[in-house]
Amino acid sequence: MNQAGADPTPGGRRRWRELLPVALSGLCAGGVATVLILILGYVAAQGFRAISIPFLTQLPHPVGIAGGGVANGIVGSLIIVGLAALMAFPVGLLTGIFLATYGRGPGANLIRFLCDVLASIPSIAIGLFAYTLLVQPFGHFSAISASFAFAVLMMPLIIRTTEQAMRGVPYEVREAALALGASEYHATRRFVLPVAWPGVITGLMLALARITGETAPLLFTAFGSQFWELNPANPMAELSLQIFTYAISPYKEWHEQAWGGALILILSVFALSAYARLRLRRNISYL
Amino acid sequence: MDQNNLMTDPAGIETATAQSRARMRQHAAESAGWGGYPDRLAAKLFVSAMYLACGIFLALVIGLFLELLLNSLPSIRAFGLSFLWSSSWDPVASKFGALPFIYGTVVSSTVAIVLAGAIGVLAAIYLAEFSPDWVSTPLGFLIELLAAVPSVVYGLWGLFVLAPIIRNILGPFLQHGLGFLPLFTGPIYGVGMLAAVLILALMIVPTVAAISRDVIAAVPQTQREAMLALGATRWEVIRRVVLPTARIGIFGACILALGRAIGETIATTMVIGNRPVISASLFAPGYTLSSVIANEFTEATTTVYLSALVELGLLLFIVSMIVNGLARLLLWSIVRPAK
Amino acid sequence: MRSSFRVLRDRSLVLSLLAVVGLVIAGWGSAGAGIQLTGAGSTFDYPFFSRAFYNYSQQHDGVTVNYQSIGSGGGIQQFIAKTIDFGASDVPMNADELSHAGAPVLQIPVTLGGAAIAYNIPGIPSGLRLTRENIAEIFLGNIVNWKDPAIQKNNSALKLPDLPIVVAHRSDGSGTSYIFTDFLSAVSPAWKQKVGVGKSVQWPVGVGGKGNEGVAGLVSQTPGAIGYVELAYVLQNQTTYALVQNKAGSYVYPAIATVKSAAATKPNVSATDFSIVDAAGANSYPISGYSWVILYQNPTDPARGAALKALMNWLVTTGQATAEAVSYVPLPENVQQQAVQVLEQMKTS
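Which chain is which? The protein sequence lines are A, B and C, in order. First residue of the first sequence: -5, per this note's numbering; consecutive thereafter. First residue of the second sequence: 9, per this note's numbering; consecutive thereafter. First residue of the third sequence: 2, per this note's numbering; consecutive thereafter.
Some clues are possibly wrong.
[To be verified] Pulled from the structure, derived: some chain B residues nowhere near chain C, Cβ distances all over 12 Å:
no.: 1; residue: A19
no.: 2; residue: T276
no.: 3; residue: L322
[Claimed, not checked] In the BS3-like style, the derived pairs of lysine-lysine whose C-alpha atoms are separated by at most 27 Å in a straight line are:
no.: 4; chain 1: C; residue 1: K267; chain 2: C; residue 2: K248
no.: 5; chain 1: C; residue 1: K248; chain 2: C; residue 2: K310
no.: 6; chain 1: C; residue 1: K195; chain 2: C; residue 2: K261
no.: 7; chain 1: C; residue 1: K160; chain 2: C; residue 2: K195
no.: 8; chain 1: C; residue 1: K154; chain 2: C; residue 2: K248
no.: 9; chain 1: C; residue 1: K195; chain 2: B; residue 2: K103
no.: 10; chain 1: C; residue 1: K193; chain 2: C; residue 2: K310
no.: 11; chain 1: C; residue 1: K193; chain 2: B; residue 2: K103
no.: 12; chain 1: C; residue 1: K248; chain 2: A; residue 2: K246
[What the hints assert, rightly or not] Far from chain A by the CB rule (all over 10 Å, computed), these chain B residues:
no.: 13; residue: R85
no.: 14; residue: T118
no.: 15; residue: V119
no.: 16; residue: L153
no.: 17; residue: V161
no.: 18; residue: G187
no.: 19; residue: L189
no.: 20; residue: G194
no.: 21; residue: V318
Since the hints were derived computationally from the structure, they do not count as laboratory data. Computed from a prediction, not measured in an experiment: that's the story for all the values here. Note that beta-carbon positions come from the ideal geometry of N, C-alpha and C, so glycine has one too.
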């Protein structure tokens, strides 16, 4: 390895040059995390008063009638986001696998390009698209159209991170599988994909985080509701929409409920990410 | 069949080797339990499903573009190309022009991605390389959590916390020190381009950091060990081996984050001042394409007004295509010479 | 390697996915009891409607109302697209919009509101007086400092500081902006010619805030700022607001009583003649306006049509009693009667 007797520890200037990047990058990471804690603290300070069992289980009350909650918004969000994930994940996963496997052709480049373009379209334009496709022809708002808008929003992230994750798997893994006689499909499904799975889940988490808190597309699709609604073909309440409506209203009690709702939203994505990290992510040391 | 290869493979050695390799693979597959009918069927279905998924995706994007185009037609017919360089936005007189919004979108997202890219990649390096496990897991998690904060919360936080900081502390500080630059001239409202840039950067940092961290972590350990064995410091390993290998993935993360910045609506509109002017100063208020769509779409009622707003959406699509196209060209120019 | 898809065998994940599917199936099969009417539009009306419709549902079994605030323009768009039963707008539909509707439309006033002038001058917590011309000149950008003699003239009791004026306006299209610009056009020919009336206009000066919260936030955070905010917002949030001089010369506060006075000066309000800004009368607040509900004269579904008619009849009469509790201004008696008469034209059999 090294010359007999020579000390491999870098001395003098090289050592200091090592310190600066560590400090700088640590500062960046720490700084970003600190800002998050500040924002979370702000939301918590504004909203913790609103959180209570009634808040989580009751329907919204109109102004002037104390209490009320966001229960239908929570359930509605679960349904809408769940359906969106069911729509977006298979399509996104398969397209990402396509890009990783057959990455070099013009078709693949076109898909990648369009992916990035789609990621920049404001959510309100996508909401309008969903409106034209799924609301106007049927003559009424529905949760399904909102899920569709959300699915379109999620897709670029899922596609790109799936491709990234699969490319991150060392090529030896795939080659070993092929050498053992596996078909392209088997090599992907049983060898490459499991190794890439944590990255794929990161993509799904980022995509879910992206759409929680989106309000604009819901204005023309899910529409919102003050009542219990489980039928996705009808208008449905959604938490981020309720937060937005309350936040721009004149009433202090609604403002408080808006912050409470925002706190719930953040905490649920927190819980979702934690679950994904703990159960699905494994640290794999590569060869 | 041997006739076809007479020129390249006269003795038929390659063909024979290929055939024997295929036989070996089939034998291996059979003994491993693969290759039977269900597996072959599954393989075919998978390939079809893959192509179907790609087709669905393409259909969605093209459909979106067509729909935007169709709904912009009244406005295109009314204003033509002058829409692109006209600066007036007057709903009462029905005169619409997109230039201030294009400027606002391009400036805010470009500066935001430069900031977020630098900070995000540095943070990712720290998470993936320098920090011990007990730090990197919770810290990385916290950073990813920033992506979960709803835009309206960012907007409100920006309005009530960040804008006062800019107006009272950061703004005067910058103006005092760097006031000779046109970037830092003019009255400081608190809200304005600077506030929007900072909020946008904050919103897209998690995307850059999370994806970059995964990409950096995926660089094979063998590469690092080779450098370390040669006596390099950790930073030198990163600079010479890890970053060049991860370069493309990091770039992809930045593009994705840039897309988010271009399309961000609610947070931007709450802190950017919403004034359709073009100004060199970061302290001045501005307006972006997505903000004006979000602000005025639900209240617009005349056909031309609505259509002008949709045309802004179409412009957003095109701006995004141009920005991404340029980024790709940049990427090709970096990657190609390396080969 | 097979363990990679352990996730599919992961019981908790499978259970939660099944729960979602179960909810959806249950929802699909559930039939709604009674009638749920849908309405959309003005964000201004939303708090009043939420309270009023809640009371209505308590008293009338079997009818619920789902009203969502997507903006007046959005309400009109959805009304024309027939995806909702009724629309609500701060500005009635004009002839162009009515032609798109394709069927006869009825428009009734349902509530009143006003725009208060909020300000932030350190050292002056209340009592600022502004004439109508002051406001117009400030928003035109002609008066740029609080020390200007034109403002000082009306405020002899106060010491106005040497502070630049920061104008804040709504960036999103809104009925409040419409009322405010209508007022400015009425009191300032320069404004009328240069800018005009609208829910969104090309503001000569100022920064735009999103929603009432945005403008109020800007004003409260920026020393020297001035902006216009909905009456209900101001009453609920203890914002600092100014006295405005009306046409009769007296300085009035924005309040339920003063807006009501303004409305009373114009008993015959209709969808084509609805402006009540700059009203005569010693106690009238000059920046006031109505908000409207839009209905089809011949609803296609008789049962829904009848329910809708009953709801609206209630809203413009008994329902007005809920307005003041949520800082909204009830309709004057004569306007209520007019609305009922318009509703009579609705055919529900």
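Mind listing which of the numbered hints don't hold for this structure, in increasing order? 2, 5, 6, 7, 10, 12, 16, 17 and 21
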